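Participant: If you want the building blocks of each chain, they are given just below.
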Amino acid sequence: MIFVARAIALVVTVVMVTYMLRHFAFALNRLFRHQRMNYTDLAGFHLPSVSILIPMHNEEDVAPDVLEALLEADYPHDPERFEIIPINDHSTDRTGEILDAYALHNPLIKPLHRQNGERGKSPTLREATKIARGEVLVIFDADYVPGRAMLKFLAAPFADPEVGAVMGRVVPHNVGSSLLTRLMDLERAGGYQINQQARYNLNLLPQYGGTAGGVRRVALEAAGEWDSSSLTEDTELTVRLAILGWKVAYINRAECYEEVPENWDVRRKQIERWAIGHTECFHRYLGKMLRSPCLSWKAKVDGVLLLGVYLTAPLIVLGLLACVVLFFGGQTYLPALTAFFIASTAYNCLGNFASFFEIGTSVVLDGGQQRVRLLSLNIANSIFSTATVTLALAKYYGRRFFGRPLPPWSKTKRFRNGNGNGNGNGNGSGTSDPTSRERGLKFILARNTLRKSVTS
Amino acid sequence: MILVLLLLFLALLGLNFYFGVREWWHPKDSAPLPVDVEYVRVENYFGKSFRTKMQEWLQTASPVETTKPCEPPMKSLLEKPNHERILILTGGLLSGDGHEALVYCEGDLQLSDHCSLHREVYCRGNLNSGTGVQFQALAADGEIILGPENDVSRWVDAHRKILLGRGTVIHSRVSSSESIELEEQVAAQSLYASVVFTTGYRPCEPADIAAQMEDSIEETPDGVGQHASPFPEDCSVSQLAADTWLVRGDLHLPEGKRVATNIIVRGALTTGPDCEFWGDVKADRAELGLRNRVHGNLVSGGGIAIGESGWVGKSIAAETDILLHSGVRVGTPAILAAVSAGKEVKMEADVAVYGKVTGGQAVKSVGKIDADCDVKPRAKKRWFAVTVLLALVICQLRMPVFAQAERQLPFTQPQENSSARAANPSDPALGDPTGNYRFRLEAGGFDNAVSNRFGQWWGGLISLSYKPSNRVTTSASLISQTRPAGTEQLVTLDTVIDWSKWFYTQIGVSGGGADDPAAFFPRYRYDINGFFKVPGKPALVLDGGYTRLQFGAPVGGRISRMGAIYYWRKFVFQGNLNFNNVRPGNHKSKSVSGAVQYGQEGHYWIGLTMGGGREAWQTLTLTPQDVQFTSYSTSVFLRKWFTPRHGMAFSYNYAVKRAAYRINGVDVRFFVDF
Chain A
1 MIFVARAIAL VVTVVMVTYM LRHFAFALNR LFRHQRMNYT DLAGFHLPSV SILIPMHNEE
61 DVAPDVLEAL LEADYPHDPE RFEIIPINDH STDRTGEILD AYALHNPLIK PLHRQNGERG
121 KSPTLREATK IARGEVLVIF DADYVPGRAM LKFLAAPFAD PEVGAVMGRV VPHNVGSSLL
181 TRLMDLERAG GYQINQQARY NLNLLPQYGG TAGGVRRVAL EAAGEWDSSS LTEDTELTVR
241 LAILGWKVAY INRAECYEEV PENWDVRRKQ IERWAIGHTE CFHRYLGKML RSPCLSWKAK
301 VDGVLLLGVY LTAPLIVLGL LACVVLFFGG QTYLPALTAF FIASTAYNCL GNFASFFEIG
361 TSVVLDGGQQ RVRLLSLNIA NSIFSTATVT LALAKYYGRR FFGRPLPPWS KTKRFRNGNG
421 NGNGNGNGSG TSDPTSRERG LKFILARNTL RKSVTS
Chain B
1001 MILVLLLLFL ALLGLNFYFG VREWWHPKDS APLPVDVEYV RVENYFGKSF RTKMQEWLQT
1061 ASPVETTKPC EPPMKSLLEK PNHERILILT GGLLSGDGHE ALVYCEGDLQ LSDHCSLHRE
1121 VYCRGNLNSG TGVQFQALAA DGEIILGPEN DVSRWVDAHR KILLGRGTVI HSRVSSSESI
1181 ELEEQVAAQS LYASVVFTTG YRPCEPADIA AQMEDSIEET PDGVGQHASP FPEDCSVSQL
1241 AADTWLVRGD LHLPEGKRVA TNIIVRGALT TGPDCEFWGD VKADRAELGL RNRVHGNLVS
1301 GGGIAIGESG WVGKSIAAET DILLHSGVRV GTPAILAAVS AGKEVKMEAD VAVYGKVTGG
1361 QAVKSVGKID ADCDVKPRAK KRWFAVTVLL ALVICQLRMP VFAQAERQLP FTQPQENSSA
1421 RAANPSDPAL GDPTGNYRFR LEAGGFDNAV SNRFGQWWGG LISLSYKPSN RVTTSASLIS
1481 QTRPAGTEQL VTLDTVIDWS KWFYTQIGVS GGGADDPAAF FPRYRYDING FFKVPGKPAL
1541 VLDGGYTRLQ FGAPVGGRIS RMGAIYYWRK FVFQGNLNFN NVRPGNHKSK SVSGAVQYGQ
1601 EGHYWIGLTM GGGREAWQTL TLTPQDVQFT SYSTSVFLRK WFTPRHGMAF SYNYAVKRAA
1661 YRINGVDVRF FVDF
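Those protein sequences? They're chains A and B, same order as listed. According to my numbering, the residues represented by the first sequence are 1 to 456, in order. According to my numbering, the residues represented by the second sequence are 1001 to 1674, in order.
One chain only, chain A, in its complex shape:
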């Protein structure tokens, strides 16, 4: 028993130290090292033709915002080079009517209505890809609101024929709604400002995130279309492209607002889907990725760490159990434990664990002043995620063991336009600051006045 506990503790330590070093390396790279050229200077010159694909299932509360934002984009509104394809995927609310109303007033919007066939993001995208005419397919979720210049910045890297996909940066707009949204804001900052940018700087594997990003059509065709069996089609596509030799570019300046979950239940479901989808990709593509002649050894290591990231949660739980066993098995004693707690707490004050350091660094780079103080509370998010992912992976491995299929893809619930009742059933509760929330939605509200004239 003691031997097993020791072995587990050793494995957990090695894995966690590896991730720790990775997080520190990324944050330090972002702070002090040369930042790679990101093609933003090419934005606006020789733009490729793009098709914007927006899967929508019961999105009447958010659909007008994303369409308005795209119509305001400073991408040339030339029908040969720009089209918006919102996809009404089995909606039972007014989504279809809204899309038709917009299409009536604007020929750039070409809605696709799906009432038959398989439901979900991948089947939807697969069908829309067939009718899209653009060289580049840009995907948005319905709750996203891109900045005016985002499309130009996203399109620019496709000047490089090696770039198969491009990912932009996502910024939560409902930051002030609850503690969770504020913690999610920190997490997103760390994930994009540091993690994605550093991976791009270091020629590793920046991840195409499935929304707020673009894919070169020929690269998608070479990689084999959207896989409807995957819960995380974005991660899956990233790995397939990388294995074939395509690059994924990350553009920090291609910024887009998103809506993050405002309550913990919605967050739990989101994490569960990501954890299972990611881990499924880990099992499907680990071997192929390691054997790929197109990837450098650095990219392969990063790929393993990227795909295996959700496996760290059960490892942490196992490590804690191993610690308990070792403690009661007489392998440690109180002064040592006390010293450990004091040391870890002191360390906490200076920057906490590596991922927290990464988040803190991102907030500083973004010019955040006060919000960085929430960093210590991110431990709540961390514990919640660890528990949720562990349970999700337990379910996943249980299903694998018994030969059951993966759970179906499920849409993340929306909270815009009033307390999460947009078929989201979220309660939007928490210590939200209505003033700051209004500030964040200012432009969205401004667009709402426009949309009334279209939808009425």
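It should be emphasised that the hints constitute simulated quantities derived from the structure, not laboratory data. No experiment lies behind these values; they were computed from the predicted model shown. Don't take every hint at face value.
[Stated by the list, open to error] Here are the simulated lysine-lysine pairs, DSSO-like style, with alpha carbons at most 30 Å apart:
1. B:K1068 with B:K1161
2. B:K1537 with B:K1570
3. B:K1368 with B:K1343
4. B:K1501 with B:K1588
5. B:K1364 with B:K1343
6. A:K298 with B:K1343
7. B:K1590 with B:K1537
8. A:K298 with B:K1640
9. B:K1343 with A:K300
10. A:K298 with B:K1570
11. B:K1570 with B:K1364
12. A:K298 with A:K130
Once you've looked at the hints, dock chain B against the given chain A.
Facilitator: Relative to the frame of chain A, chain B by itself:
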């Protein structure tokens, strides 16, 4: 003991969460981050925004009563509510140094030689400047013609054409609604206009190659099909997509080769004359031969060089440098393109880019790109050889020999080393309020462990540097050092003056040591150094100087020195030979010193000094002078900017005074520019 530890733990834990909980319950920073920042996507944002603001200020500012009546070209003086002043000009010739007010000119404006304007200028007509004029920023509704050696700290924007005279430096963007012409030795960060060209290009020439290329775009490529590999059989080639070939390893295409598809080369791509690419091209490094034509984009993970009379129809992007040889055209007058380099874009004469040119470090117009300015990656062997050569040839006495690498760089002001200064030899930027900042405050401490029971020698330093103009940099510092025998202070004043483009001097005076032959610091000391740039070889600077030291009577010393500084890319090399004379006894000795540093002002410097000989003086934080001991020493340092204004410098120093003692020392400083 356990209780104390527990309380400590709880206190730290509470402290850890206190600020977070406070921000959670009383949010102060919960607004979403702004996205879609306008200045990123609008090329002439600054000029446009400044014009709008100026119109607002003119409405709200009130007239200032002056004792003398305004003389032309001055019309009136206004004051904004925040007490900033706006000088209103009717037009004509403006001269003088140190204009502190914003300038608004209603007509055409001429600026005399060496005029200096510390705030932004808005000219409603044409603007024409003489030699050596300094601007903060510049907007004109007409043309802008800047004379030789002008310096603009920020941006330039005109509604009509812009001409940048020889040697002019723009530290930020240049934008024009018509055209931008660059004479030789011009540097800027980015340029945007319908056409950006260097001297020799004639926009209206009938045989303009770009127009020819535009016409030829519709031609069908012959020979090389899309379905068969167009590359030599010994290449490792695969098809990434239907229209994209991937080549692993270096690829050389012979004269006249045509490629119909996109091509990706995971290695170096070199081509002979008259090759033609119909798709996009990507390579780790690309060197295109004469008259090559690329109809798509040209991208490189390293550098790109385009041979004479080449043409690229779409954009060019490179992680490092881009070299455009004479006759190169990028884009077409009808469809603009961008040239973007992570580091430098160098443009020879008769180069035209229809659109935008931008470099992470600079865009430069050069006469003729010499052979060693190619885009090949630096060979490690070369660096190793240089290091070994330095180690063998140069040895020194920890002399503060470092020159300022930024002297060669376009975006920092000329500075000079702190030779013979009583400070850290590893300090490449002492007395250097660099970039756009006028002041630098620097503070730090040092600690040296000295063997043979000499004990710890430690102390601190505070230094303030001030740059009243681009020609003069002056600094004052106070050093305090404590040894087991007591504490002493040294005060230093230092001035660097740029007399001309080719000559500058450094003069320093210091004192404060006790009137005692055994004092740590001299009673007084002065240094005079001169620096000459070799004509035709601006990267090579020859220097010579003289130092006089006087300790408590009768101990004193004289040092004459000669040496050279050489700039190569981000490296700075320096070597000096010192002739030392110590009194009483009239002891004479020679010593040599050498140094190499790498980096860039505003980012980081890393360096190494080495030396040896019989020294007449030492860094004063270490030892006083003596020519009796054969010594050698070395020092490594790192100076790092954490933000554009703040940074730290670290150094480790090691010196051996044979038969006397050995020193291990560290020096840490914090600096801030403002």
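Participant: A separate judgement is required for each hint: does it hold in the structure or not?
Facilitator: Here is what the structure says about each hint:
| no. | hint | verdict |
| --- | --- | --- |
| 1 | B:K1068 with B:K1161 | violated (37 Å) |
| 2 | B:K1537 with B:K1570 | holds (16 Å) |
| 3 | B:K1368 with B:K1343 | holds (19 Å) |
| 4 | B:K1501 with B:K1588 | violated (36 Å) |
| 5 | B:K1364 with B:K1343 | holds (11 Å) |
| 6 | A:K298 with B:K1343 | holds (25 Å) |
| 7 | B:K1590 with B:K1537 | holds (28 Å) |
| 8 | A:K298 with B:K1640 | holds (27 Å) |
| 9 | B:K1343 with A:K300 | holds (29 Å) |
| 10 | A:K298 with B:K1570 | holds (28 Å) |
| 11 | B:K1570 with B:K1364 | holds (16 Å) |
| 12 | A:K298 with A:K130 | violated (36 Å) |
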